[in-house]
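Trainee: Chain residues, written in single-letter form:
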Amino acid sequence: MTNDVMQKLTYREAVREAIREAMKKDDRVFLMGEDVGRYGGCFAVSKGLLEDFGPTRIRDTPLSESGFVGAGIGAALGGMRPIVEVMTVNFSLLAADQIINNAAAYLHMSGGLFNVPIVIRMATGGGRQLAAQHSRSLEGWYAHIPGIKVLSPATVEDARGMLWTALEDPDPVLIFENAGLYNMEGMLPPDIGPVDIDKARIRREGKDISIISYSASLFKSLDAAEILAKEGIEAEVIDLRTLRPLDETTFLDSVARTHRALIVDEGWRSGSISAEISSRIMESAFYELDAPVERLCSAEVPLPYARHLEEAALPQVNKIAALVKKMVGTHG
Amino acid sequence: MPRTPIALSERIEYLAILNEKGQLDAELEPDISGEMLLRLYRAMLVGRRFDERLLDLQRQGRIGTFPPIKGQEAAQLGAVAHLRPGDWMVPSFRETAAELWRGRTLESVIICNNGFSEGAVISPDHNDLPVSVPVGSQILHAVGLGWAARYRKKDDIVMTFFGDGATSEGDFHEGMNFGAVFQVPVVFVCQNNQWAISTPVARQTRSATIAQKAIAYGIPGIQVDGNDILAVWAAAKEATDRARAGGGPTLIECLTYRVMMHTTADDPKRYRTEAEVETWRGRDPLTRFQKYLLDKGVLSGHDQLELDTEVLQEIQRAVDNAEKQMQIMGNPLDMFNHVYAELPPYLAGQREELARELATGKEVPS
Ligand SMILES: Cc1ncc(C[n+]2csc(CCOP(=O)(O)OP(=O)(O)O)c2C)c(N)n1
Ligand SMILES: [Mg+2]
Numbered sequence: 001m002t003n004d005v006m007q008k009l010t011y012r013e014a015v016r017e018a019i020r021e022a023m024k025k026d027d028r029v030f031l032m033g034e035d036v037g038r039y040g041g042c043f044a045v046s047k048g049l050l051e052d053f054g055p056t057r058i059r060d061t062p063l064s065e066s067g068f069v070g071a072g073i074g075a076a077l078g079g080m081r082p083i084v085e086v087m088t089v090n091f092s093l094l095a096a097d098q099i100i101n102n103a104a105a106y107l108h109m110s111g112g113l114f115n116v117p118i119v120i121r122m123a124t125g126g127g128r129q130l131a132a133q134h135s136r137s138l139e140g141w142y143a144h145i146p147g148i149k150v151l152s153p154a155t156v157e158d159a160r161g162m163l164w165t166a167l168e169d170p171d172p173v174l175i176f177e178n179a180g181l182y183n184m185e186g187m188l189p190p191d192i193g194p195v196d197i198d199k200a201r202i203r204r205e206g207k208d209i210s211i212i213s214y215s216a217s218l219f220k221s222l223d224a225a226e227i228l229a230k231e232g233i234e235a236e237v238i239d240l241r242t243l244r245p246l247d248e249t250t251f252l253d254s255v256a257r258t259h260r261a262l263i264v265d266e267g268w269r270s271g272s273i274s275a276e277i278s279s280r281i282m283e284s285a286f287y288e289l290d291a292p293v294e295r296l297c298s299a300e301v302p303l304p305y306a307r308h309l310e311e312a313a314l315p316q317v318n319k320i321a322a323l324v325k326k327m328v329g330t331h332g
Numbered sequence: 333m334p335r336t337p338i339a340l341s342e343r344i345e346y347l348a349i350l351n352e353k354g355q356l357d358a359e360l361e362p363d364i365s366g367e368m369l370l371r372l373y374r375a376m377l378v379g380r381r382f383d384e385r386l387l388d389l390q391r392q393g394r395i396g397t398f399p400p401i402k403g404q405e406a407a408q409l410g411a412v413a414h415l416r417p418g419d420w421m422v423p424s425f426r427e428t429a430a431e432l433w434r435g436r437t438l439e440s441v442i443i444c445n446n447g448f449s450e451g452a453v454i455s456p457d458h459n460d461l462p463v464s465v466p467v468g469s470q471i472l473h474a475v476g477l478g479w480a481a482r483y484r485k486k487d488d489i490v491m492t493f494f495g496d497g498a499t500s501e502g503d504f505h506e507g508m509n510f511g512a513v514f515q516v517p518v519v520f521v522c523q524n525n526q527w528a529i530s531t532p533v534a535r536q537t538r539s540a541t542i543a544q545k546a547i548a549y550g551i552p553g554i555q556v557d558g559n560d561i562l563a564v565w566a567a568a569k570e571a572t573d574r575a576r577a578g579g580g581p582t583l584i585e586c587l588t589y590r591v592m593m594h595t596t597a598d599d600p601k602r603y604r605t606e607a608e609v610e611t612w613r614g615r616d617p618l619t620r621f622q623k624y625l626l627d628k629g630v631l632s633g634h635d636q637l638e639l640d641t642e643v644l645q646e647i648q649r650a651v652d653n654a655e656k657q658m659q660i661m662g663n664p665l666d667m668f669n670h671v672y673a674e675l676p677p678y679l680a681g682q683r684e685e686l687a688r689e690l691a692t693g694k695e696v697p698s
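Order-wise, the sequence lines are chains A and B. The opening residue of the first sequence carries number 1 in this note's numbering; numbering runs sequentially from there. The opening residue of the second sequence carries number 333 in this note's numbering; numbering runs sequentially from there.
Bound-form chain A, shown alone:
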């Protein structure tokens, strides 16, 4: 693929193109949620789709998260391939019963009779001064639930490619789009197809430490790696991409090479996906380690609203760099 046929897309446009492509390819696919039609979605992801596909396939729903997620499950059981947009992970909690007790358990409860091929997309993350109840990062928490898959695309390519793979998946798939990434730009070939959703990726190679991250924290980790490189520290940066099922092979192999691991996660640390990763390193790569595994997570407080307070609560590039320097200075 040469550069002149590459297309510049924002993360937002990539998701939109993925939806558009899915709608064109498969007439069972439709999008539904609050303000997805005329408004174009609360993060403008579906802007323009109503004009292209009409109100039957781009459906504005009543303000009722449990209602439209539940109806989406029904539609999926009825042979459709719904893409359900929940405004943000914060409000997915009103649909938690539908997601956790219903979608995730349906196959089990029906003795294997019914899969629920629903895709539920939602924005996640803090850092945009939207205060506690609009800023949660609960994707790691959903990753606790068997029966669903939890995707966390960080790159424009994954934003575009993961949706299609998710739609082909017979099981319920949750896609978490960090709202801070929507304006990020990337180059993609126009005919890019689906991507795998079960492997982590090494986004930067390095020999001194493995920084394990995903979503918006990935870019903070990469920025930190850039700074560290100038000081002679080569950090390997891993993008988990999918939080359930977790691809541990990629990070365990990396730790076996670098002998140090730092997990960077916008979620809270207690009972978290970062705890899970740390645990797996203990279980399977303990003897590879030259230093204790460290975690950089958000302060365990409801995220503050004022900018400097919020920045202080979230993982930041300088904190990552400082922590890596401390860890690399430690000898086992």
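Hints are computed from structural coordinates only; laboratory data are not their basis. Only a predicted model underlies this, so the values are computations on that prediction, with no experimental measurement involved. Where hints are given, some of them may not hold.
Stated by the list, open to error - Dumping the calculated SDA-like pairs for lysine to any residue here, alpha-carbon to alpha-carbon at most 20 Å:
#	chain 1	residue 1	chain 2	residue 2
1	B	Lys656	A	Arg307
2	A	Lys47	B	Lys601
3	A	Lys326	B	Ala691
4	A	Lys326	B	Glu689
5	A	Lys47	B	Thr605
6	B	Lys601	A	Ala44
7	B	Lys601	A	Leu49
8	A	Lys325	B	Glu685
9	A	Lys325	B	Ala691
10	A	Lys326	B	Glu685
11	A	Lys325	B	Glu689
12	A	Lys25	A	Leu50
13	A	Lys326	B	Leu690
14	A	Lys47	B	Arg604
15	B	Lys402	B	Gln648
16	A	Lys326	B	Arg688
17	B	Lys601	A	Phe43
18	A	Lys326	B	Ala687
19	A	Lys47	B	Tyr603
20	B	Lys628	B	Met368
21	B	Lys601	A	Glu51
22	A	Lys47	B	Arg602
23	A	Lys325	B	Ala687
24	B	Lys601	A	Gly48
25	A	Lys47	B	Met593
26	B	Lys601	A	Leu50
Said to hold, decoys possible - Every beta carbon over 10 Å from chain B, so not counted as near; a handful from chain A, in silico:
#	residue
27	Ile100
28	Asn101
29	Met109
30	Leu138
31	Gly147
32	Asp196
33	Glu205
34	Asp253
35	Arg257
Where is the CB? At the ideal position from N, CA and C, for every residue including glycine.
Model the placement of chain B with the ligands on the given structure of chain A, informed by the hints.
Mentor: Chain B with the ligands alone, transformed into the frame defined by chain A:
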């Protein structure tokens, strides 16, 4: 056996007293003292001018996003004015005028809209809850408060506000049902401002009115012209009297309009016509009430001008005060203060860690 109609005890009425031009239906005119009329007028004026000033401040980058209330002043104040200090007012996020009525300061609103939790204060002699972000969730809190008041044999009542969109949430239905079954002293006030962000009320419900949903739960419901403060007042008086007398909850649907954007992050031109907005501007609650007061002789042209200046000055003082107060707010370490009643050791550790980082922050590469 023939099919027989079932007699439902409730019927749904629409109430309007002061029409769009400020003309009165004298037979329905509620008996409100001159003093109260003026208090209400002043509160509407403060609500309106403060909203306009907040919009300016937001556009100047001096506060964050906020939800304007313009056009909904009557629908809030006509209802909340019936509460006593010990009663509970349980707002959504668009009841600034009602909150100010209940003693919240202008300063605190500005401080909150700047992201400082120091702004989240309830007037000490009032029993209110703070704003609620997850749509509809506060309705259940109101019901619980009402139930607790009855259980503790207190005569406090509760008034909760929510939008038309909120009536599609399960919490609304569960709250109405619970409130009705236990006959709690709650007044449910729906601010039907026709829109939930870009979703019109016709997409929320197939019912001709929201008020009629009361029938399903076995409680009285009424629809009022929410831009007519006299109608809101009269309906809310009935409802609050009923609640105090042990008669259980009432649903009041105030037909009003969100004249401005959903929040300052929104551009409503994307989904509604200017003509529709113009029609509703013609039904403005403030000018209508003003005319009534002038006709009635409660307000003179001179008072009106004086009041205009006084209110603008009050708002200016609040902006100055708030901006001064905010200069010393926002120590990042304070974010740990309100997670638990007492700071647990692991959080104390995180707090110390942050303190160290902040102290050494400048030496770290960034
Ligand atoms: C549970 C939940 N879902 C979605 C949102 C996002 N949201 C905020 S306000 C709003 C519309 C509310 O409409 P309505 O109840 O009519 O109140 P209004 O904004 O008109 O005052 C939505 C969808 C939210 N805050 N909470
Ligand atoms: Mg509304």
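Trainee: Next step is simple, just say for each hint if it's right about the structure.
Mentor: Now for the hints, and whether the structure bears them out:
Taking the CA atoms of B/Lys656 and A/Arg307, the gap is near 18 Å; set against the 20 Å cutoff, the hint holds. Proximity of A/Lys47 to B/Lys601 is assessed by CA-CA distance (about 14 Å); at most 20 Å being required, the pair is judged to hold. Under the criterion of a C-alpha separation no larger than 20 Å, the hint pairing A/Lys326 with B/Ala691 is consistent with the structure, at around 17 Å. Pair hint A/Lys326 plus B/Glu689 holds up; C-alpha atoms about 13 Å apart against a cutoff of 20 Å.
About 18 Å separates the Cα atoms of A/Lys47 and B/Thr605, which keeps this hinted pair within 20 Å; it holds. At most 20 Å may separate the alpha-carbon atoms for a hinted pair to count; B/Lys601 and A/Ala44 meet this at roughly 15 Å. The straight-line distance between the Cα atoms of B/Lys601 and A/Leu49 is roughly 18 Å, inside the 20 Å bound, and the hint therefore holds. Straight-line distance between C-alpha atoms of A/Lys325 and B/Glu685 comes to about 16 Å, which keeps the hinted pair within the 20 Å bound.
Our distance criterion of 20 Å between C-alpha atoms is met by A/Lys325 and B/Ala691, whose separation comes to about 18 Å. Under the criterion of a C-alpha separation no larger than 20 Å, the hint pairing A/Lys326 with B/Glu685 is consistent with the structure, at around 14 Å. Only pairs whose Cα atoms come within 20 Å are accepted, and A/Lys325 paired with B/Glu689 is accepted, the gap being roughly 14 Å. Simply put, A/Lys25 and A/Leu50 have alpha-carbon atoms about 17 Å apart, close enough for the 20 Å limit, and the pair holds.
Proposed proximity of A/Lys326 and B/Leu690 is supported: the alpha carbons are some 17 Å apart, at most 20 Å. Restraint check for A/Lys47 and B/Arg604: satisfied, since their Cα atoms lie roughly 16 Å apart, inside the 20 Å limit. Our distance criterion of 20 Å between C-alpha atoms is met by B/Lys402 and B/Gln648, whose separation comes to about 19 Å. Restraint check for A/Lys326 and B/Arg688: satisfied, since their Cα atoms lie roughly 14 Å apart, inside the 20 Å limit.
Between B/Lys601 and A/Phe43, the direct Cα distance comes to roughly 17 Å. Compliance with the 20 Å bound is thereby established for this hinted pair. The suggested pairing of A/Lys326 with B/Ala687 holds, with an alpha-carbon distance near 17 Å, which does not exceed 20 Å. Using a Cα cut-off of 20 Å, the hinted pair A/Lys47 and B/Tyr603 holds, with the two alpha carbons roughly 12 Å apart. Proximity of B/Lys628 to B/Met368 is assessed by CA-CA distance (about 14 Å); at most 20 Å being required, the pair is judged to hold.
As the CA atoms of B/Lys601 and A/Glu51 are separated by approximately 16 Å, the hinted pair is consistent with the 20 Å bound. Among the hinted pairs, A/Lys47 with B/Arg602 is consistent with the structure: their alpha-carbon atoms are about 10 Å apart, no more than 20 Å. Distance restraint check for A/Lys325 and B/Ala687: the Cα-Cα separation of roughly 19 Å lies within the 20 Å cut-off, and the hinted pair is therefore satisfied. Under the criterion of a C-alpha separation no larger than 20 Å, the hint pairing B/Lys601 with A/Gly48 is consistent with the structure, at around 15 Å.
Restraint check for A/Lys47 and B/Met593: the C-alpha separation of about 18 Å stays at or below 20 Å, so the hint holds. Distance hint between B/Lys601 and A/Leu50 is fulfilled; the C-alpha atoms sit about 16 Å from each other, no more than 20 Å. The Cβ of A/Ile100 lies farther than 10 Å from every Cβ of chain B, with a closest approach of about 16 Å, so its non-interface assignment holds. With a closest Cβ-Cβ approach of about 14 Å to chain B, A/Asn101 is found to remain outside the 10 Å limit, as its non-interface label requires.
Here A/Met109 stays apart from chain B, with its beta-carbon at least about 22 Å from theirs, past the 10 Å limit. No beta-carbon of chain B comes within 10 Å of the beta-carbon of A/Leu138; the shortest separation is about 14 Å. Listed as outside the interface, A/Gly147 is consistent with that label: its C-beta sits roughly 23 Å from the nearest C-beta of chain B, beyond the 10 Å cut-off. With a least beta-carbon separation of about 35 Å from chain B, A/Asp196 lies farther than 10 Å from that chain, consistent with its non-interface assignment.
For A/Glu205, the requirement that its beta carbon stay farther than 10 Å from each beta carbon of chain B is met, with the minimum near 21 Å. Every Cβ of chain B is farther than 10 Å from the Cβ of A/Asp253; the closest lies at roughly 29 Å, confirming the non-interface assignment. Under the 10 Å C-beta cut-off, the non-interface status given to A/Arg257 relative to chain B holds; the minimum distance is some 25 Å.
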